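These protein sequence lines are chains G and A, in that order. Under this note's numbering, the first sequence is numbered contiguously, ending at residue 114. Under this note's numbering, the second sequence is numbered contiguously, ending at residue 228.
Derived from the structure by calculation, the hints contain no laboratory data. Errors might be hidden in some of the hints.
Straight-line Cα separation of at most 25 Å, DSS-like style, residue types lysine-lysine; simulated pairs [to be verified]:
hint, chain 1, residue 1, chain 2, residue 2
1, A, 184, A, 170
2, A, 215, G, 65
3, A, 215, G, 7
4, A, 183, A, 140
5, A, 215, A, 184
6, A, 184, A, 220
None of these values were measured; they are calculated from a predicted model.
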Amino acid sequence: SAVISQKPSRDICQRGTSLTIQCQVDSQVTMMFWYRQQPGQSLTLIATANQGSEATYESGFVIDKFPISRPNLTFSTLTVSNLSPEDSSIYLCSVGRYEAYGYTFGSGTRLTVV
Amino acid sequence: SQQGEEDPQALSIQEGENATMNCSYKTSINNLQWYRQNSGRGLVHLILIRSNEREKHSGRLRVTLDTSKKSSSLLITASRAADTASYFCATWGGSGGSNYKLTFGKGTLLTVNP
C-alpha cells in the first residue's frame with residue numbers, strides 16, 4: 001500500500017490567518033481525499049483532489065475556505081483560510097486503490113486556532 | 115453525511131477479553147472497511163469485507179457483514195492494552211458516479227485496561 005507523508009503534524013495558528021497542509025505520496029495516485037475530524041467526531045470528507053482538474057467539494061465546504069492544489073500525481077496541499085476557532089480540528093489526507101484495498105491515511109495535522 | 119452508526123460509542127474491557135463493535139449503514143455498498151485510530155492520529159486500515167462476503171478473519175479480528183440488515187460487526191479476540199483506540203467502520207459504494215468515496219461512521223472508543 002502507499003505511504004503518505006503529511007506535514008505539519010500540528011500547528012497553532014492565529015485567528016484570521018491560513019494554514020497549508022501538505023501530503024506527499026510515495027506512488028502515483030489518481031485521487032486524493034481530504035478529511036476533517038472535529039474534536040471527538042468522525043471523519044467528514046472535505047473534497048476530492050484530482051490531478052489536472054478542479055477539486056470536487058462536498059456539501060458545506062467551499063473552495064474559498066479550503067483551496068486545494070494537486071500539481072502532480074504524488075502531491076497535494078489543502079489550505080484552511082481565514083481561520084476561526086471553529087476550524088480547530090484534525091485534517092487528514094487519504095488515497096485509495098480501487099475496491100480491493102483499504103485506503104491509506106496520512107498521520108494527520110492537528111490544527112488549533114487561537 | 116454519516117453513513118455508518120457504530121455501537122457502542124464507548125467500550126471498556128479488561129485485557130484478555132473480547133471486544134465486539136457493531137456498525138449499521140443506510141445505502142447499498144460495494145464493501146465495508148474497518149479502521150483504527152490511535153489518539154487522534156492517522157487511520158490504519160484493518161480489514162475489508164466485500165458485499166458478497168459474510169465473514170472474514172485477519173489475525174485476532176473477525177468481521178461479519180449482513181447486507182440484508184445493513185450491518186457489520188468487528189470482533190477483537192484476546193484484547194490487549196495496545197488495542198486501545200477508536201474504531202471506525204466505513205462504507206464504499208463502488209467506482210461509479212460519486213460512490214467512490216469512503217463514508218465513515220461515528221466510531222467506537224475502545225479502552226482495554228491492563
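Checked hints:
1. A/184 with A/170: holds (16 Å)
2. A/215 with G/65: holds (21 Å)
3. A/215 with G/7: Distance of about 23 Å is within 25 Å: holds.
4. A/183 with A/140: holds (9 Å)
5. A/215 with A/184: Measuring from Cα to Cα gives roughly 18 Å; hence the hint holds.
6. A/184 with A/220: holds (16 Å)
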